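Visitor: First to last, the sequence lines map onto chains A and B. Those letters in the first sequence? Residues 1 to 170, per this note's numbering, in order. Those letters in the second sequence? Residues 1 to 192, per this note's numbering, in order.
No lab work stands behind these hints, which were simulated from the structure alone. Keep in mind that this is a model prediction, so the values were computed, not measured. Mixed in with the good hints, there may be bad ones.
As the list claims (entries may be wrong) - Covered by chain A, per the in silico footprint, the following chain B stretches (three or more residues, Cβ under 8 Å):
| hint | region |
| --- | --- |
| 1 | 55-68 |
| 2 | 176-185 |
What the hints assert, rightly or not - Restraint-style ranges between C-beta atoms, simulated for each label pair:
| hint | chain 1 | residue 1 | chain 2 | residue 2 | range |
| --- | --- | --- | --- | --- | --- |
| 3 | B | Pro12 | A | Ala153 | 25 to 31 Å |
| 4 | A | His152 | B | Pro172 | 45 to 51 Å |
| 5 | B | Gly79 | A | Gly19 | 26 to 32 Å |
| 6 | B | His35 | A | Met118 | 45 to 51 Å |
| 7 | B | Leu2 | A | Glu40 | 46 to 52 Å |
| 8 | A | Glu121 | B | Ala111 | 35 to 41 Å |
| 9 | B | Pro37 | A | Ala80 | 32 to 38 Å |
| 10 | A | His152 | B | Gln191 | 21 to 27 Å |
| 11 | A | Pro27 | B | Asp137 | 40 to 46 Å |
| 12 | A | Glu40 | B | Gln62 | 23 to 29 Å |
| 13 | B | Pro172 | A | Ala153 | 17 to 23 Å |
| 14 | A | Ala6 | B | Thr114 | 29 to 35 Å |
| 15 | A | Ile82 | B | Pro128 | 32 to 38 Å |
C-beta: ideal position from N, C-alpha, C; glycine also.
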Amino acid sequence: MPVSIANSQLIYDALKACGVTLISALPETWLVHLIRMAEEDPKVTLVRIAKEEEAVGISAGAHLAGVNSALLMQNHGFLAAINPIVSLAQLYKIPLVMLISYRGSMGERDPWQTQGGMVTEPLLRALGIPTWSLTDPRDVERRLKDAQTLAHAALAPVAVLLTRELMWEE
Amino acid sequence: MLRVDALQAIYPELQDRIVVTIMGAVAAELHTLGHQPTFFYLEHAMGLASSMGLGIALAMPQHKVIVLDGDGSLLMNLGALSTLARYRPGNLLHLVFDNESLLSVGGFPTATATGTDLAGVARACGIPSVEEANTPDRLKDVVAAALAGDTLTTIVAKVEAVGPTSFHMDLPLLENRFQFKRALEALRQRQE
Chain A
1 MPVSIANSQL
11 IYDALKACGV
21 TLISALPETW
31 LVHLIRMAEE
41 DPKVTLVRIA
51 KEEEAVGISA
61 GAHLAGVNSA
71 LLMQNHGFLA
81 AINPIVSLAQ
91 LYKIPLVMLI
101 SYRGSMGERD
111 PWQTQGGMVT
121 EPLLRALGIP
131 TWSLTDPRDV
141 ERRLKDAQTL
151 AHAALAPVAV
161 LLTRELMWEE
Chain B
1 MLRVDALQAI
11 YPELQDRIVV
21 TIMGAVAAEL
31 HTLGHQPTFF
41 YLEHAMGLAS
51 SMGLGIALAM
61 PQHKVIVLDG
71 DGSLLMNLGA
81 LSTLARYRPG
91 NLLHLVFDNE
101 SLLSVGGFPT
111 ATATGTDLAG
121 VARACGIPSV
131 EEANTPDRLK
141 DVVAAALAGD
151 TLTTIVAKVE
161 AVGPTSFHMD
171 LPLLENRFQF
181 KRALEALRQR
191 QE
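The whole structure should be built from the sequences, with the hints applied where relevant.
Guide: Printed below as a string of structure tokens:
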């Protein structure tokens, strides 16, 4: 499976450098290494959820209890979580750091991923969610730190799109 | 059993603890009994009180966390029961008031009115301790026992589908949010 282990490690290390100690995740191909790294890390609590909506609640609870968290999800999981993103995170001014694997964009071969890919960025814009794309490994640490900093300053959800260029080795 | 009587019976167990409640009648009734800075009223995002409780329970393992849920809310997020059961935080008490109704939007019957058994669902999901309570005295006993122990517990309490005449609470939701976060921070610092 040509998911980049090296770049997954870069992302994981960047999350750790941000002081993230709780990670929620729903398995998806591009996220397998990140989820495994969280599972093997005794200093991180990994919560495997049944649906992405739960992750918004878990991260909201963690924030109110003083713990930095991150959400790992596919962009279709982001679509599934839009109501709680709006009516919990945005309504209650809860910071969320959402790492979203950006399926269905340029280079996608799976037809079933494409519709979600085409609406991901328009929806993020419609919701007013600040968004970084990660394409270059050299940007990973800085951009994740900056995303978390903005989330906490604005008390708002932010999105970090994990692109094919970063995650997938052809 | 009336939910307001049930809440009254367990209020002494709630008042010094972290409580996350769903919106609507439960929130209004708890608020009327006496607001505490450690009470959070989730005024929207139906179904996610249990997930918020899980997040708090995992983040503050030294403190008991009580979620006041409802049948309509829990049915919107049934997967959360499987996630709770997977991590089974012993400091979490999940109390479901089942009035078989979506009371705050006009009283339409939920699936528990036609046979869905939430205690059975919780058991089948693997929640390690599941109790049912249909009188205030019984509820008080099972809540006290769950809080004295260290086992994730779901309690399903059947209540009548009646609520207060008004759901208004004199507490803006952002005020509640920031007050709650400060109160939890104070609890954490007291612990350290």
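Visitor: Please go over all the hints and tell whether each is borne out by the structure.
Guide: The hints, checked one at a time:
no.: 1; hint: 55-68; verdict: holds (count 6)
no.: 2; hint: 176-185; verdict: holds (count 5)
no.: 3; hint: Pro12(B) - Ala153(A): 25 to 31 Å; verdict: 40 Å, violated
no.: 4; hint: His152(A) - Pro172(B): 45 to 51 Å; verdict: 22 Å, violated
no.: 5; hint: Gly79(B) - Gly19(A): 26 to 32 Å; verdict: 28 Å, holds
no.: 6; hint: His35(B) - Met118(A): 45 to 51 Å; verdict: 46 Å, holds
no.: 7; hint: Leu2(B) - Glu40(A): 46 to 52 Å; verdict: 50 Å, holds
no.: 8; hint: Glu121(A) - Ala111(B): 35 to 41 Å; verdict: 37 Å, holds
no.: 9; hint: Pro37(B) - Ala80(A): 32 to 38 Å; verdict: 33 Å, holds
no.: 10; hint: His152(A) - Gln191(B): 21 to 27 Å; verdict: 23 Å, holds
no.: 11; hint: Pro27(A) - Asp137(B): 40 to 46 Å; verdict: 45 Å, holds
no.: 12; hint: Glu40(A) - Gln62(B): 23 to 29 Å; verdict: 25 Å, holds
no.: 13; hint: Pro172(B) - Ala153(A): 17 to 23 Å; verdict: 22 Å, holds
no.: 14; hint: Ala6(A) - Thr114(B): 29 to 35 Å; verdict: 54 Å, violated
no.: 15; hint: Ile82(A) - Pro128(B): 32 to 38 Å; verdict: 33 Å, holds
When the structure is compared with the earlier hints, violations turn up for hints 3, 4, 14 and for no others.
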